[in-house]
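K.L.:
Okay, here's what each chain looks like letter by letter:
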Amino acid sequence: QQQVKQSPQSLIVQKGGISIINCAYENTAFDYFPWYQQFPGKGPALLIAIRPDVSEKKEGRFTISFNKSAKQFSLHIMDSQPGDSATYFCAAKRDNFNKFYFGSGTKLNVKP
Amino acid sequence: DGGITQSPKYLFRKEGQNVTLSCEQNLNHDAMYWYRQDPGQGLRLIYYSQIVNDFQKGDIAEGYSVSREKKESFPLTVTSAQKNPTAFYLCASSIAYSGNTIYFGEGSWLTVV
Chain B
1 QQQVKQSPQS
11 LIVQKGGISI
21 INCAYENTAF
31 DYFPWYQQFP
41 GKGPALLIAI
51 RPDVSEKKEG
61 RFTISFNKSA
71 KQFSLHIMDS
81 QPGDSATYFC
91 AAKRDNFNKF
101 YFGSGTKLNV
111 KP
Chain E
1 DGGITQSPKY
11 LFRKEGQNVT
21 LSCEQNLNHD
31 AMYWYRQDPG
41 QGLRLIYYSQ
51 IVNDFQKGDI
61 AEGYSVSREK
71 KESFPLTVTS
81 AQKNPTAFYL
91 CASSIAYSGN
101 TIYFGEGSWL
111 TVV
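Residue numbers (the working numbering), protein chains in the order written: chain B, 1 to 112; chain E, 1 to 113.
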């Protein structure tokens, strides 16, 4: 059973637009939700993360919105730029457990 | 510089051969992981290790083997039993248990010819 479901699989956004990627999780014991950004041929790198005790976290143009009751969280990229074109993965984890559960990834293409 | 080093970056394997992918980290992390990524696919966990001389199977361990003899090293062997080994392989590490950030290497491309 897939623990973290991510959508859409791919996304095309015009420069300056808002990119939105959604994730849903099953296990209510998860208490850490990071987003990773991966450029072609590179390993993923941590972008931003949130805990379920807050509903929103913002870092620059990147915002995570978290809905604990719906077991959903999303990444919003404001003023999307061509340099944001990458694959984005959501993930979930329990504190004091080593296993990370990743979504299937979203390939974002920001057109100039 | 601290980080995770994977080698080789590109590797070609003939059918029936075993190959070993190297992963070394100098982050002093206890936990290490191997993921497989197929084009357009997500990250699938192959094996992970929480401490030296201990490792657990992930979701797709069949056809793979690992060892963890040193804290900084976690090599992955892709055996001939792995029927479809062509993929991008990612090694990662984290602080064990309390570590909530997983750090990835640059990856290794394996192609079967």
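Hints were generated in silico from the structure; no laboratory data involved. Everything numeric in this text was worked out from a predicted model, so none of it was measured. Just so you know, even glycine gets a beta-carbon here, dropped at the ideal spot from N, CA and C. Mixed in with the good hints, there may be bad ones.
Stretch by stretch, here's where chain B covers chain E in the computed footprint (C-beta under 8 Å, at least three residues) [to be verified]:
hint, stretch
1, 11–22
2, 86–94
Derived lysine to aspartate or glutamate pairs resembling DMTMM-like cross-links, with alpha carbons at most 25 Å apart [what the hints assert, rightly or not]:
hint, chain 1, residue 1, chain 2, residue 2
3, E, K71, B, D95
4, B, K99, E, D30
5, B, K5, E, E62
6, B, K107, E, E72
7, B, K99, E, E15
8, B, K107, E, D38
9, B, K58, E, E62
10, E, K57, B, D31
K.L.:
For B/K58 and E/E62, compute the direct alpha-carbon distance and say whether it is at most 25 Å.
P.N.:
This hinted pair is violated, its Cα atoms lying about 40 Å apart.
K.L.:
Please verify whether B/K5 and E/E62 have alpha carbons no more than 25 Å apart.
P.N.:
holds (24 Å)
K.L.:
B/K107 and E/D38 were given as a pair; does the straight-line alpha-carbon distance stay at or below 25 Å?
P.N.:
holds (13 Å)
K.L.:
With a cut-off of 25 Å on the C-alpha distance, tell me whether B/K99 and E/D30 pass.
P.N.:
holds (13 Å)
K.L.:
Is it true that the CA of E/K57 sits at most 25 Å from the CA of B/D31?
P.N.:
Given that 25 Å is the threshold and the Cα spacing comes to 23 Å, the pair holds.
K.L.:
Could you grab the alpha-carbon distance between B/K99 and E/E15 and see if it respects the 25 Å cut-off?
P.N.:
Not satisfied, since the Cα-Cα distance of roughly 32 Å exceeds 25 Å.
K.L.:
Taking a Cβ-Cβ distance under 8 Å as contact, does the stretch 11–22 of chain E have three or more residues in contact with chain B?
P.N.:
violated (count 0)
K.L.:
Does the stretch 86–94 of chain E contain three or more residues whose Cβ lies closer than 8 Å to a Cβ of chain B?
P.N.:
Our answer is that it holds, as 3 residues pass the Cβ test (under 8 Å) against chain B, meeting three.
K.L.:
Are B/K107 and E/E72 close enough, with their CA atoms no more than 25 Å apart?
P.N.:
violated (32 Å)
K.L.:
For E/K71 and B/D95, compute the direct alpha-carbon distance and say whether it is at most 25 Å.
P.N.:
Holds - the C-alpha atoms of B/D95 and E/K71 are around 22 Å apart, at most 25 Å.
Violated hints for the displayed structure, listed by number in ascending order: 1, 6, 7 and 9.
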